[in-house]
Structures are given as structure tokens and as C-alpha cells.
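Which chain is which? The protein sequence lines are A and B, in order.
In terms of the numbering used here, the first sequence opens at residue 1 and continues consecutively.
In terms of the numbering used here, the second sequence opens at residue 207 and continues consecutively.
Within a straight-line C-alpha distance of at most 30 Å, the following computed DSSO-like cross-link-like pairs (lysine-lysine) qualify:
(1) K67/A - K120/A
(2) K632/B - K216/B
(3) K449/B - K67/A
(4) K231/B - K216/B
(5) K120/A - K449/B
(6) K120/A - K56/A
(7) K712/B - K632/B
(8) K67/A - K56/A
(9) K216/B - K712/B
(10) K449/B - K56/A
(11) K449/B - K127/A
(12) K127/A - K56/A
Computed footprint of chain A on chain B; a stretch qualifies when at least three of its residues, placed anywhere within it, have a C-beta under 8 Å from a C-beta of chain A:
(13) 317-325
(14) 414-425
(15) 431-443
(16) 448-460
Hints in this document: simulated from the structure, not taken from any laboratory.
Because the structure is a prediction, the values reported are computed rather than measured.
Each residue gets a CB set at the ideal place from its N, CA and C atoms; glycine is no exception.
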Amino acid sequence: MSGQSTHHGPGAAGHEAHMDPATAREAATLGIWTFLATEVLLFGGLFTSYIIYRIKYPQIFYEGHLKLDHVLGAINTVVLIGSSLTVALGIAAIRKGKVGLLRLYLFLTLLLAGTFLGIKYVEYTEKFSHGLYPDTDIFFSLYFMLTGLHGLHVLAGMVLLGGVLFLAGRGRYSESYHTPVEISGLYWHFVDLVWIYLFPLLYLLG
Amino acid sequence: MRETTWNGEKPQNGSASPRGYLESKGVWAWVYTLDHKRIGVMYMYTTLFFFLAGGVFALLIRIKLLFPGQHIFTNQTYNVLFTMHGALMIFLFVIPAIPSGLGNFFIPLHIGARDVAFPRINLMSYWVFVAGIVVILFSLVRPMDTGWTFYTPYSARTAADVTTLSFGIFLIGMSSILTGLNFLVTIHKLRAPGMTWHRMPLFIWSMYATSIIQVLATPVVGITFLLLAMERVLGVGFFDPAKGGDPILFQHFFWFYSHPVVYVMILPAMGIISEIVPAFSRKPIFGYKAIAYSSMAIAVFGFFVWGHHMFVTGMSGTAVILFSLLTYSVAIPTAIKVFNWIATMYRGSITFESPMLYALTFIFLFVIGGLTGMYLGALGADIHVHDTYFIVAHFHYTMVGGTVMGLLAGLHYWFPKMTGRMLSEKMGRPAWLLIFIGFNVTFFTQFILGFEGMPRRYAEYPAQYQALNILSTVGSWILATGILIMFANFVRGLFRGALAPPNPWKALSLEWETGSPPATENFEEIPTVTDWPYGYAGRQT
Chain A
1 MSGQSTHHGP
11 GAAGHEAHMD
21 PATAREAATL
31 GIWTFLATEV
41 LLFGGLFTSY
51 IIYRIKYPQI
61 FYEGHLKLDH
71 VLGAINTVVL
81 IGSSLTVALG
91 IAAIRKGKVG
101 LLRLYLFLTL
111 LLAGTFLGIK
121 YVEYTEKFSH
131 GLYPDTDIFF
141 SLYFMLTGLH
151 GLHVLAGMVL
161 LGGVLFLAGR
171 GRYSESYHTP
181 VEISGLYWHF
191 VDLVWIYLFP
201 LLYLLG
Chain B
207 MRETTWNGEK
217 PQNGSASPRG
227 YLESKGVWAW
237 VYTLDHKRIG
247 VMYMYTTLFF
257 FLAGGVFALL
267 IRIKLLFPGQ
277 HIFTNQTYNV
287 LFTMHGALMI
297 FLFVIPAIPS
307 GLGNFFIPLH
317 IGARDVAFPR
327 INLMSYWVFV
337 AGIVVILFSL
347 VRPMDTGWTF
357 YTPYSARTAA
367 DVTTLSFGIF
377 LIGMSSILTG
387 LNFLVTIHKL
397 RAPGMTWHRM
407 PLFIWSMYAT
417 SIIQVLATPV
427 VGITFLLLAM
437 ERVLGVGFFD
447 PAKGGDPILF
457 QHFFWFYSHP
467 VVYVMILPAM
477 GIISEIVPAF
487 SRKPIFGYKA
497 IAYSSMAIAV
507 FGFFVWGHHM
517 FVTGMSGTAV
527 ILFSLLTYSV
537 AIPTAIKVFN
547 WIATMYRGSI
557 TFESPMLYAL
567 TFIFLFVIGG
577 LTGMYLGALG
587 ADIHVHDTYF
597 IVAHFHYTMV
607 GGTVMGLLAG
617 LHYWFPKMTG
627 RMLSEKMGRP
637 AWLLIFIGFN
647 VTFFTQFILG
657 FEGMPRRYAE
667 YPAQYQALNI
677 LSTVGSWILA
687 TGILIMFANF
697 VRGLFRGALA
707 PPNPWKALSL
717 EWETGSPPAT
727 ENFEEIPTVT
737 DWPYGYAGRQ
747 T
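One chain only, chain B, in its complex shape (with noise of 0.2 Å):
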């Protein structure tokens, strides 16, 4: 131990091991274990890891869009380049980053158990996401040039290796349903003596939300892809329309995977934003019930709304409406949840420490996100905005803005129980601030882009649109640069961050009771459960 700050406060319920669950070392310690916390830290790794390689593709696209002509890359290069981001953003980093990630580390920790309830499916779980990711960069041996949307009919016929990535989705989708399905039936018969449902912390409201439509969605877009890979290999025809088959059958079936999973994306973000608000506000959350079925209401409308992906693509009047209608209503238990968490805040006392700071953007920028997803419900304004920057803003306001500030939050807020040790606030307060600057920058001009009728994902454009176009490539640098110094922030802390206290922000769920990190077992004894964690003294704390 290099050095400490910390008093030596012994933790409530936990051993006093100084390296917890981190204790045995080695390679095999990792690959076999059955530990919770570790396969959650190998998640993190992992998905951290395709969060930088996609970042890459994403300023490589920003480069390229800095001139409106054929430059830097060509046009083939620049359809790989955006299909590379996109997949890789979506599947191996924004689905599974929180659930798997943070998920696996704190769900068992949040309900006072030792572990999920199949330790061993969970590290299958991981091994199969490993696999999956092997397949998939096998397949760019000729590289995607679909979009990460993979539609039919070019998706049947393009040269690239579609059928190689078909099966390497299929095990990444493999692998999120079977940690839906353990994070299901932790939650149910796992939770500690006295833990009621209205005594959970909101994160497992979410993470229970988020489950049940990984295990109800994800295998449909199994089924899907296997369809796509077996058009190519067999010939069958459900997608070609030359045998009878209907291309838009692929976008339904896509679309009512892809819909429900941006709820799987944005559900736990919301959960740790509930977690964070009211400890960093020192008042008990507002609406815990309101928030709580929220989060399931979000899941049963994700599941009806996916045709408005489809508005333009061809679809009866009646089924347009509906979808419309539908659409909008997903707002209500949204719009529910800000309400409640500016409440929390109303007359709080808050600190503005990084985890509350990327909370705080997650409110800001998701409302934004949100709110012009109402545009896009619209059917007039959706057919004006449709395949423009407008949705690509839209978009990355809500998974950026939504689901990655959501997840930054965590990492911020939970980094001193996953590792033992604090993050400097000096390096990451101006961290934040470059990329709430950056990420603003970048894609704010991406909705006037959009509005002015800039078409995504087309190579080039016509010259009027680059002062715009340059500004948003040098607002990704910005980003970039913030996002770095965010990583250096974490590599110093894992090395020399001050010894971190079990219950630095003094909030009042159970992971805070045991040792940073906690030990292998997690708790000393199962705790008793008596009241919510949200009793937060108000004002005079």
C-alpha cells in the first residue's frame, strides 16, 4: 500500500482484508472464477475496451467529414468505418457495459447476497461474449459495410462477411440473455431477510426492468440473424422478395429486438442516477414508487413501439397511428422519472463531486435526447427528419448523453468500492467539464445538420454544410480529449489513488457496509434488512 489518507474505519459488515476479492492473483484466478465481482471487472475491462476502439472509428469519421468531397478515405472505407462504430458501440459496449459490468458487481452487493444465483452460467455468460467478440473480428476479414441496422436485401448480398458476424451476434445475444436470466432469478430469490420489493434500491428496479427484456427481445434478434445467415448460405427466401419473401419483414424483426434494447442501454443508467442523486442531495429520493414502476412501464411499452423506426419504409396508415400513439406514451414513465429526481434535488443539500456532475449531465442531456425523440414520434416532423443528422444527434444525445453519462456516473461513484481506492477530483472535474463542452459541441450542431437536411451515413455532402460539419469535428477532439484525461484519472487511481473508506460519500445502500473493495463473500453475515435505502437526513446533514 503506497500510501493512505483514509483513517482506518473498520467496515460495518465485512472482513478488514485491505485487497477484499481482489486477493488472489494470477491469470487462472480470473479465467475460472466464479466470483461475481471479477466477472463484472472482466466485463468492465472488456467493454471499456471496444468504448476506445469505437471511439477511434468515431473521430476517424469526424476527420473525414471535415472536407464535403471524397477525401482522407474512401467512400468504401468511410461505409466500413461508420458500420465498425456502430456495431461495436451497440454490441460490445452500450448493451453490456452497465448490465454486465456494473450489474454483475452490484446487484448481489445491493441485495445482501453472496453471489447471483448461477455463478457458473455467469462465467459462461462472459466466455461466450468473448467468443462472440473472436467471431465478430473474424468476420472483418471483410468488413461490414451494412450499418450497425444490417437491413435486407443489400445485407444478403454485399460481399462482406455478414454470415460470419450473424453467428458472433448471435453469441453476444446468447450470452446478455443469460445474464438476464440469472439477474432475474437473483433478484427473486436471492434478496437478503427484510428486503421487501419496495425496500430494493432503484438500480435493482432498473436492472430487474432491463432483464426482462434481455430475455424476452434478445431471441428474436437471434432468430433474425440466424434467418440472415441462412438467406446467404441456403438460399432460404423469408427476406427476398425474388422467392416471395419481404425485406421489411427484417427491419420488424430487427426493430423489435433493437427497440426494447435502447430501454436495456438506458434503464440501468437511470437506475444508478437514482442511486446518485439522492446521496450526493442528502434527501431521501422523491417518488420511490413512481420511479420504481416507471421502470417497468418502460419495459412493457419498449416492446410496442418499434414500428416508428419504420414510418418511411412502408407500413398501413391505421399501424402508423398506433405506433405514433405508442411512441409517445414511453414519454410519460420517462418524463416521471426526471420530474422525480429534480424533486429529490429540490432544497437538497448537494455536493458537486464528479459522480453527481455526470449525473447532473445525464438529467440535462437525456431531457434534450429525449424530448426531441418526440420530434421523431411525430409522423409529419419524422418524415422531414428521417436518415438526417437530426437522428444521429437524437441518438447519440440519448445513448451518449443518456446511457454513456449514466455509466460514467457509476464508474465515478462506484470506482472506490470496485477498487479501494478514490479518484483525484482535480483531474476529473475539468475531465467532465471538456466533455460536457466537447460532446455538446459535436452533436448539437448535428440537430441543425439534420433539421437543414444533411442525409446520414452518405460519404460526402454538398459544401454548404461544413462550417457546421467542422465544428462538430473539433468538438469530438474536445471530447476526446476529455475522455482521456478521464482514462488517465482511472489508471492513476488504480495505482495511487488515497485508500478509499468503505462509505466515502456516506450514502446509505448495503454495497457501502462492507470493505473497498468488499471481500470475496461479500458481507461478514447476511445482513437484515429493515427500511429503504434512502433515508437521507435532509438539509441539516
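The following block holds chain A by itself, in its conformation from the complex (with noise of 0.2 Å):
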């Protein structure tokens, strides 16, 4: 965002840094907390459905919800709320200007996040192999869909701290300049509660 324009093309010139930091920080916050609103109402259209089609037919989420490996699902809530634990460690490290801790943070961040994509994988394949697919019925469309597009999150959640890893190990991150650090930090909590969500409305509920 604003505080890192730095290399740009030629057509940049006089838009370095039109914002003081202190506005730049608090515009980076707001954008990122809109941003986040907008992806509650993106997944909004799917949680509509579930709860439309859920008490359309209650006999079928019934019988979908007994076909879900309940502990990989839990696994997964633990390891994902995990990585928000270290996501949040991070940025207290940054905060305290400990570059070192953050880079050990957000790596075992990813390595959670890695450890949560290859449990669903398990998770798909088996599905798969028992012949349910996103065209069964309509509880699997749902799972399908709201699994996949959380897991494109956690993709893209990723990616995002990939870069800010990427950077840190650059020396970017100070104790007096880390909002990067935060606002994936925010994007990847929301990640984490869309799960804390799914979680239960498809394993758990009866």
C-alpha cells in the first residue's frame, strides 16, 4: 500500500509519498477493514444459501453432515486457529522491532496454513473416492464450494504472507513502520473465523 512505493514506473514521478505516515497507517487500516467487509458479503451469498437449503432440507444436511471426517475437521480448526496464534505473536514481535521473531512467526504460519491445505486435500480425495462430489446433492454443494473458496483464502493468505516474509527478511519491518505486518495479520485472522464458522454449520450440526 502507500508506505511502500518505492520502485515504480516512469509515469510515478511526484506520487512518492503524498501521505504522511501517520495518515498512511490509519488509511491502510480503514482499507483493509473495508476490504474485509467485502468479503463477509462475498461469502455472505453462500452462508444465504446454506441457510436457506438447510431448512429446506434438513433430512439431507443430516445425512451429509455423518459423511465428514469430524476429526480431520477438528485437526484443522486447531491447527488454523494456531496460525493465528503465531500470526498474532508476530506482529507483537514487530511491534517490539524483533525482526528475527517475526520471520520465525510468520513461517511457522505458513507452515500451519501449509498443514491445514494438505489435511483438506486428504480430506477431498477421500471424499472423492466414496464418489461424493459437488454435484451429489445439495449439501456438497455447499461443502465444495464453501470449503474451496475458503481454501482459495488461505491460498491467498499465503501468498500474502509469503511476500511479508519475503520482506522482512529485506529489513522493510521496523518497530516504528510495520502496518504490512498488520493488515495481512488482519486478512488472515478473518481466514481463520470464516473455518471457526464452517467449522461447526457443516461438521458438527445434526
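Could you fit the two chains together into a complex? Lean on the hints.
See below:
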């Protein structure tokens, strides 16, 4: 965002640092919260469908949830909440100027995120092997759309945090400037939060 | 510089460089630019191109409708033509033109900022927009025949390439979200010192309301088109009755975006009118707060009226009555604006340069469009005219009579600021007259056709409707002639227009304090604001 405008093309002259650092930080924070609001509405379409079809077809939803692996789902929940913790610890570290610690926590976060996607891959494979696909019934349509869209967000979050990790390695962040770390962290908490809703809605509610 | 009738007056607050932000040349200076003005200009060119393209489709539709039976085009070609006309006009012209084009250029200038909050996201949003256009063009290998609303189940089954198109619209939506987000943050954080909320130009209020809708409604259409594509690719069944889904759900999702988005189209135009009317009446705007808050009210109410597009497709009686009531309530803030514009003009010293002509046209046509909207909000009347040409006439009075007239008013008003050159009034006024006459001949006849029962979207019609259809088609030729003259005026103005002074209209908002065209950094120094921008001195001026 605005704080990182160092290398850009020839047309950019005159647009370096057109905000003071405090304003830039406030702008970035307002920007990410607004963006998260759009994300809520993006998932909102799917959650609305969930409510409608759950009321319409309670039996299909009951039978569907029995076919999901609750244990793997629970492990993944712990994994993702753990990754939210490591991101939060990373932000706390850079606030004190500890770049090395930030990098360690970001690395752990990426590791946990990768674990989450790995477990998700195992689950998907197992569903496919039992002939359960997105077109099986409304429940599995919802299951694959919700977890699939969430999975894409996990992937996007990994790219984002990977970028922050890379830039942290090049010494871009410090005690006084770490806005990108904070806003990527907020995004990651959002991705975690969506899963905290998905897990009970899909795996637990009978 | 070819000629100059301008006496060389210096801008109050801007460098005297004659080419301003247009100084650096070459393709890359545009492709990589982070300057909100250049990005706004790129949006302007892109959207105006699709205005012309969509217009060509419209002319072809009207030519087809000269005759009642199957003539000139096959019925399938006709279906493609009206789908392309609607989809291109809505998604690539009417929605982005004012916010992304004029909004990008003038929001920072209006609030006394050097740029938007996130210049790189701004540039990215333009290129995502272009990527969306490219994807949509690819989908034309098997062109759309669904109508611009893409209703399921037909859109899930047609041989047309709806999947690729959905992806394209998803990208266009993403660009729209990024632009709205950027504007929201810019308006919150980058106002010049002293510019309190109640000193903002009304164009900024309306763009603020617009951005809220863009940010909150667009994600829903994103997920809707994603689900439509997944229905075709993966066999997901949310909209498919055979799999327990419900096609009406698609309509709810679609209109949850597509109704609020008509306010994305109209609110910025209303903002432009609120700038032009006081400047050309030489009077302070009447009812500043009423106009400002009514923009916000429209944005809020706009989210709760989508059901009125679905009165005949199956909803509970209670829901239908609620939606009807809410639809009526949107008329209140809209009428507040119209009354305040008229009160502003009352006893003003009105002059009739082209921006004001288009602004007055906006008020006249939009009132007709708005009031016929009331017919459609009324449950009984709606069932009579549903899916007839009455609807077509209604939304063209709001979209063309409203949004496009507002855009044209804005383009004529700000052309000197954007290009540094004046438009010719000698060409501008006849163009306006032809557009005004042509538009009304084309579309007023369609109110009558609709009331007599001619359905929309059909390629053929009973012979009894032919006379009025011929009249409407002739009107479209008059309209097209006017638009061509107007574009000729733009092109002439770009190359041969007299050099523009910093403030040709003697208007009071901040953009007129800097040069025409403005320097890259907009202002020499960030202005300090001490008053609202409507302190025109009344009749004696």
C-alpha cells in the first residue's frame, strides 16, 4: 500500500509519499477493514444459501454431515487457530522491533497453513473416492463451494504472508513501520474466522 | 499551442506549466501511471468506447424493429444483439463511467488532495477492469443470448459461453470494489485541512454514497456469477430445481446487487448536477444538507428494494407489499434532490452553456424516469406493464436521461479542466438539441408501446405496433446524429479548442483553483478550506 511506494514506473513521478506516515497507516487500516467487509458479503451469498437449503432439506444436511470426517475437521480447526496465534505473536514481536522473531512466527504460520491445506487435500480425496462430488446433492454443493472458496482464501493469505516474510527478510519492517504486517495479519484472522463458522455448520450440526 | 484566446490568467494554486499532468508523453507514461487524473482519463476513453459500441448494437436493434416479422437478422442474432447492448452498456459503460472516470479525476481535486489514498491499487483496478473486458471479449466466441440479467435456468444451459463471461464480470466487479474502497478511504482520510464533512462538494457526498454501494453490493454479484459458473462446470445445484435448488434464488442474488447498482449509476450523476446547477445559476445551492443526506438515504434504502424486480416471479404477499412500500420510500430522497435543484435555480441568474443544458435535461428526463418508476413500484400497475416496453422506456429515461445526461453535463463542464481546452458552444448546442429530441422520440413512444402491451425482448411483434416502432427507430437516428456531433466537438476541442483559463465557469470548488489542465501534483500547496464551495453571490453577479 501507500507506505511501500519505492519502485514504480516512469509515470509515477510526483506521487512518492503523498501522505504522511500516520495518515498512511490510518488509511491502510480503514482500507483493510473495508476490504474485509466485502469478503463477508462474498461469503454471505453462500451462507444465505446454506440457511435456505438447510431449512428446506434438514434430512439431506443430517445425512451429509455424517459423511464428513469430524476428527480431521477438528484437527484443522486447531491448526488454523494456532496459525492465528502465531501471526498475532509475530505482530507483537515486530511492535518491539524483533525482526528475527517476526520471521520465525511468519514461517510457523505458513507451515500451519500448509498443514491445513494438506489435510483438506486428504479430505477431498477421500470424498471423491466415495463418489461424493459437488454435484452429489445440495449439501455437498455447499460443502465444496464453502470449503473451496475458503481454501482459495487460505492460499491467498499464504501468498500475502509469504510476501511479508520475504520483505521482512530484506529489513523492510521495524518498530516504527510495520503496517503491512498488521493488515496481512488482519486478513489472516478473517480467514481463520470463516473456518470457525464453517466447521460447526458443516461438520457438527446434525 | 495553436491558438489562445485566453488572456494568460494564472491559476490561484497550481503551477503555470501549460500541459500540467499531460506533460510526460509515451505509452509507458500512461500504462504505469499512478496519477489519478491519468487513470481517470484512461477509464473515460475505455468506457466511452463501449458507449459507442453499445450504441451501435442499439441502432441495429432499432433497425430490426422497423418491421414486425423476421427481417434482416435471425431471431437468434436479435437475442445476441440485445444481450450485448445491455451487458456492454451496463457493465462496461454506465456503471464505471462516472465513478471510475470522472470520480477518479475529480475526487482528489475536489477535496484538496494530491492523489487517492492507494494510487497503486487504483492503477491495478484499471488493469483488472481491462482484463475483465478481455475475458468478456473471449466469451463472445459463443455470444450471449440470455439478456443482460443472465437468469437461470436458461443461463445454466445455453450453449453460449456463460462460464467465461461470468469470470469476466467477476473481474469487472473486483475492479469496481477496489475503486469504491479507494474512494471511501480517500474521502475519509485525505480531505484538505478545514474541509469538514459539511464543507465537501455535493459531488463528493454522492461519490461517498456510491462507494458504499460498490463495496457492499458488488461482492454479492461476484459470488452469484461464481455460483452460476460452478453450476455449469461442476454441476453445483443451487439454482437448479432438478437438484433441489431454486432459480428464484439467482434472481434474489442478482437483484441484491443489480438494484443497488442503479444507484451507483445515478448517484454520481446527481452529484454532478448539484455542482453545475448552482455554478450556472450563480446562487448558493439550496438545501445543502438535505441533498447530502438524501444521497446517503438513497444508498441505504437502495439495499432493501431489490424484490420489486420480482413481483411476478414468485414471492409471498407480505414480502411483495413490503418491497412495494420500500420502493416508494426511495422516491422521497430522490424528490428532495429535484426540489432543491429547482429551488437553487429560482431567481438565479441562469446561463445556458452546454453543461447547464445537459443538467436541465437531466432534471427533466429523470423526473419522468423516476415517476414512471412509481408505476412499477405499484403492485397492480406493475403486473400490467411487467416485461413490456414500458420498462424499457422507464429505465432508459433513468439510465440515459439520468446517468448519461449527467455524464455529458460533467464532460462538458470539466472538459476544459481535463484537457486544457474549451469545447465549441456552436457545436455543443445543436448536438444537445438533437440528443434531447432524438432521445424523447425514441423512448417516449416506448412508454405508449408498453402500455398498449408490446412485450420487451421479443424479436417479432404484431403489426399493430409498427407505426410507433418506426417513430422510435427514426428517433434513434436523430439521437445518434446528436451524439456523433457531440463526439466531433470533443475531438475538435482536444486538438483545436481555444486554450482554457483555470476557471472558465467562475465556479468555486477547489479544482478550479489549479491550472487547466492541473499539474501532476494537483496543487502548488495543499489548500486550507474555510468555507463551503457554493458561496455564489446571488443575482447581482
